[in-house]
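J.: Okay, here's what each chain looks like letter by letter:
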Amino acid sequence: MADSDLQRSTVLASIRMSLGQAQASDAIDAEYAAISRSYKLTGELSVYALLDLFEDRLLEYGAGVYRASAAEIGATIGSILRRRGKSGLAMPAGVPMEWMAEGFTFVDATGFDAYELDKTEGILSSCTVAIAETGSLVLQNVAGQGARVLSLVPDYHLCVVFADQVVETVPEAFERLENTSTLPTTFISGPSATADIEMTRIKGVHGPRFLDVLIVV
Amino acid sequence: MSEVPVQHTQWNALDFPDAAKVLLEDSQTRKNVQHATNVIQGKRNKVVAELPDWEDLREAGARVKAHTLRHLDYYLTKFEENCVRAGGHVHWASDAAEANRIILGLLRRHEAREVIKIKTMTSEEIGLNATLEANGIRPIETDLAELIIQLGKDRPSHFVVPALHKNRQQVREIFQREMHLPELGDKPEDLATAARTYLREKYLRIKVAISGGNFLLADTGGMCIVESEGNGRMCLTLPDVLISIVGIEKVIPSFRDLDIFLQTLPRSATGERMNPYNSTWTGVHPGDGPKEFHVVLLDNGRSPILADKEARQTLQCIRCAACLNVCPVYHQTGGHAYESVYAGPIGAILTPQLHSMEEGRSLPYASSLCGACYEVCPVKINIPEVLIHLRGKVVREDQATLAGKFSLWNIGMQAAAFLFKDAGRLSMAEHMGLVGQKALVSKNGFIEWMPGMLSGWTQTRDLKAMPAQSFRDWWAKEKAPHAKSADDGGVR
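Chains A and B, in that order, are what the protein sequence lines are. So for the first sequence, numbering that gives the first Met the number 0 puts the first residue at 0; every next one is plus one. So for the second sequence, numbering that gives the first Met the number 0 puts the first residue at 0; every next one is plus one.
Simulated from the structure, these hints should not be mistaken for laboratory data. From a predicted model like this one, the values you see are computed outputs, not experimental measurements. The reader is advised that the hints may include incorrect statements.
[Unchecked claim] Think about it this way: if two alpha-carbon atoms lie no more than 30 Å apart in a straight line, the pair counts; the simulated DSSO-like pairs of lysine-lysine are: (1) B:Lys-186 to A:Lys-202; (2) A:Lys-202 to B:Lys-30; (3) B:Lys-30 to B:Lys-42.
[As the list claims (entries may be wrong)] Derived coverage of chain A by chain B (criterion: at least 3 residues anywhere in the stretch with Cβ under 8 Å from a Cβ of chain B; other residues may be distant): (4) 13–20; (5) 36–44; (6) 112–120; (7) 179–186; (8) 202–216.
[Claimed, not checked] Which chain B residues stay away from chain A? Per the calculated CB distances, all over 12 Å, these: (9) Pro-16; (10) Val-21; (11) Asn-44; (12) Gln-175; (13) Cys-369; (14) Ala-371; (15) Glu-374; (16) Glu-384; (17) Arg-390; (18) Leu-401; (19) Met-427; (20) Leu-453; (21) Trp-456; (22) Asp-461.
Virtual Cβ for every residue (Gly too), placed ideally from N, Cα, C.
Excised from the complex, chain B in its bound form (with noise of 0.2 Å):
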């Protein structure tokens, strides 16, 4: 097969930090991020509450996922011998470059020059629209977010809801340019019909579709998605042919483990009940759906993660994005500012993992560590630990090269360990930090401003100074004399 060029989507450009920084500024995108988020928080935790088992579906979600984590090699076999045996065809892919070289060469070999796409991320993940356009063939996004995301030229900033931080003026905008539409209307009723219309005709007329996967089913071979629009049934059903790429995280043991994941996906993701549509097939079934049936098992960076015990259950993740709508740190950013396909609070463990560490590595720090993404996910990925698993990485990483070792945060982390390592030398600093801040220190008890290397810390915030007694000092006075013999040495 001829050379392929493979395009990569410009993500990781920056680090968190900076690119936080730009969107902050940006007031209209973070409204909108801010009200989509509220409004799906509130249902789903309407819709949750209404489950007196949801604990109890959480736990065995995550048991069934973490399973079959453990033994994927087995379950990945399974599917495919099964899969195969219904007439699909399974295709394994290494990384981003394979997955792109084995989806074109099945577009070449049916001469297709436009495909319609269902959302999927792991698209994304691979640049499979950059490197088909680059290749002469049409992609068209037909899930109505997808679609203001590609005619209007932007990036996905949630993986449930990509394009919420549009509004419906800007997404008119976007419409009336792209589908030379001057009478479009702003309501939402307006632009799904123009969506409706648009897409139609293409659903009717493309003979070949590519869709993700939300889960693969070992124990028959077959596949299911999950979606609102009723864009995917018309992907999955309408075309010929149906190239399906889904990451190798995705195959579940049986078929019947879906009545789990079918009351947790849809509350947690959307606040409904039952998501509008779910759809299942298994291999080709004459006189319904396509003709051909391909499933290309991505690894791309996957299959090491399952070796770090500690960060594995990031695999279980179903992409439900609640833990997104939940983060205060995505609340106040929205999603371009993780600078990665995968946004938010999973985002920030998955993207550094699936890039080997080497790139996202300001994200296991876009967290404050609260907990509320991990309380609200429904296959209990301890977000929080796998974060600071994370940033213990990052920074033994950075230890061990030389300009990490002479980094400013790590000799004074390095210092802070000398000091606290023993008592004497604690509060010898506390008296130096005593007589050291009074010149900082401004009228309202704050210090607003530290020279040097401190100066980043008061960049973003104020700091209490200290008190003119420390703890420790006052401990010794009221306490412990009268305990000294019992606390000897405790408190030391």
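Next up, chain A with everything else stripped away, as it sits in the complex (with noise of 0.2 Å):
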């Protein structure tokens, strides 16, 4: 027998010495399915108020929140820009070409590695879901999102939320990730930030030190 399988029976021994008798395992999916879960599951919030909770939350965290109609995501993105003082951003593959403010370098990262995104100005994405409750953002690896990198070494992130994909609840929000569970997945939630030095929130320590979102209603 090799090592690593010897490794594993001994340890697999050692637990089921501890458990006693196993059961088989419909039986042990049943008793998992009937474990109650009686937290709350749904929100019940109106559209507006979900909307003024998830931009209250973001802003706590220090985000920057603007609000557009879909007709004036690329205006209101160019506005944002000059705000921020920036020429263009970098993008995943997927990012609708209305999105690209005129007047602004937009460039496709995909493929780009870790020292030329650590060289772009910031990262233009859509996120899958978010969360009002909690403000948080929740982004995977599908077109107009791509991969974990892309919002992580930037220093600036601009994300687009459109109305219908901020949910209230956290359990709301894993009910839409069920089926894609398995892709790369992260919620951001702020501007990164520590407190290790004497409990002082810093905002910005290895991520992004600058988050602002789009939502559109």
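Make the complex out of the two chains shown on their own, each in a separate frame, by following the hints.
T.: Right, dumping it as structure tokens:
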């Protein structure tokens, strides 16, 4: 027997010895399914209250928040970039043409390595779902969001969120993520932060130090 | 494979009372610890109060964890199967030496001279850094607090904010010296920027990373890591090879269960509604993250804990450290007094069990049993109950040895048991005590010094003198004559 097989069977034998008689897998699955989940699964807020809550949470983290209609996305992104003093952004494949504000440079960063991303002015992306109660954006490896590294290395992240992507509770977000649970997934709640030194919250240690969110209503 | 020298960190050198005595004199550390725990606790209380379903979340979390532990072999093999199917590699390690050998083997295969690390208490538990250094590989901690600890040649004192015992001036001194930055300021921003610059170059260059893990997801074979700074994401995403060392108790049945723990963990740990970053991934995903992913499943004393039904709940812990922040004992001493990788109330029950009750035997006594740790625990571990259970174990084990049998404590306790067994004996002892104490009672009505074996008690506290009339005497005079027939024997 190879070392690794021996180690595996030793650990499993030790666990089984401690637990005693094992149940059949059907019985275990049934026991699991019967666990009571009486915590709050769905939200109750109206769309307007929901978006206000989401905005409040984001502002509390120190993110910038903007709203626009679908027709105004490109123009609003342009004004956000002007405000941030950016001349353009990197982006994953799949970001719609209409988002690319006139007068700014947008480069497809698919396949960029970390050094190249480090030199960009920031990243533009969409998201899969957002959680109002916790002010979180959830990004997955799909078109418009791309690999995890894209929202990690650049110092600035601008994320576009559509109103119907915002849910109130954490369980609602997981319900939406159920079918894509094996994709690389990142929950982002505000810019990178630490409170390791005297419990003072400092924005931006290693991840992006600046986060803007554009809510499309 | 050639022999791997395994190094252990210097834990368990002292008993809690001795270590605590030293730390209680360090007023700077106490001040830092008390400030930090007060801040976190205040924030935690606020964001927990926001959730009307907090108790339901605790209950569901406890049930999911207890269920998983009851069927741990089932869920671990399920995790393994799904992780391997997704392109991951799963290793099993019975103890620290085995885990170190596996990790070192992987690093040697990739000819790694340096590795970047995410904060992981499991690696502290197996003494990984010391082992790597002894084998010519340089581990670089990337969590700001762990970096402070590593550069300061210190030990973590809290498992969420490991350097909370250091203030900004102390951190500045460490960074100035170790990063060669004589001009460095002492604003937290200055210090964080220094760490950012110091580490960014390493993230971009170093090809192998080591992490712990918050959750293993059995149904997808995926993993979840919860963090704040983004250093975790850097290590999980940029290198070609990722090795995660995870305790076997960290598995949960399903991705979906994260909807409980991602609510309870951040609120309990740092008092935030959500921590800045959570990452989940499954095996390897072409074009996204490491090309090679290894999980080392670590037993290291965990599986025997499953056999003890009263103490098994210890393994439900999700390492939020809420019990540390709320503990009056931790509050006074800080984490180093526990002489253990895992400090505070959870450390007091976890450490002795991980060491088969051979080390950390004083830890079950490092508690006032006030119950605050149980109240805040997001997975409802009844820590006071387990503390008492473990105290019982310590006593029974001591009584089984010759030295223990004839120890002063045991003789004293046996004598007390003898007295309490019979009302007549107790009453006689009370009267003897009244006579005996006369010479010892000070003017203020307290006994400040006792002779012989009793002196240990008065070394740290004064004892109220026995009243002239005992409750039993009072009862006999006041009540007993009228209630004699009904109460006969009841009070005896």
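J.: Against which earlier hints does the structure fall short, listed by number upward?
T.: Violated hints: none at all, because every hint is consistent with the structure.
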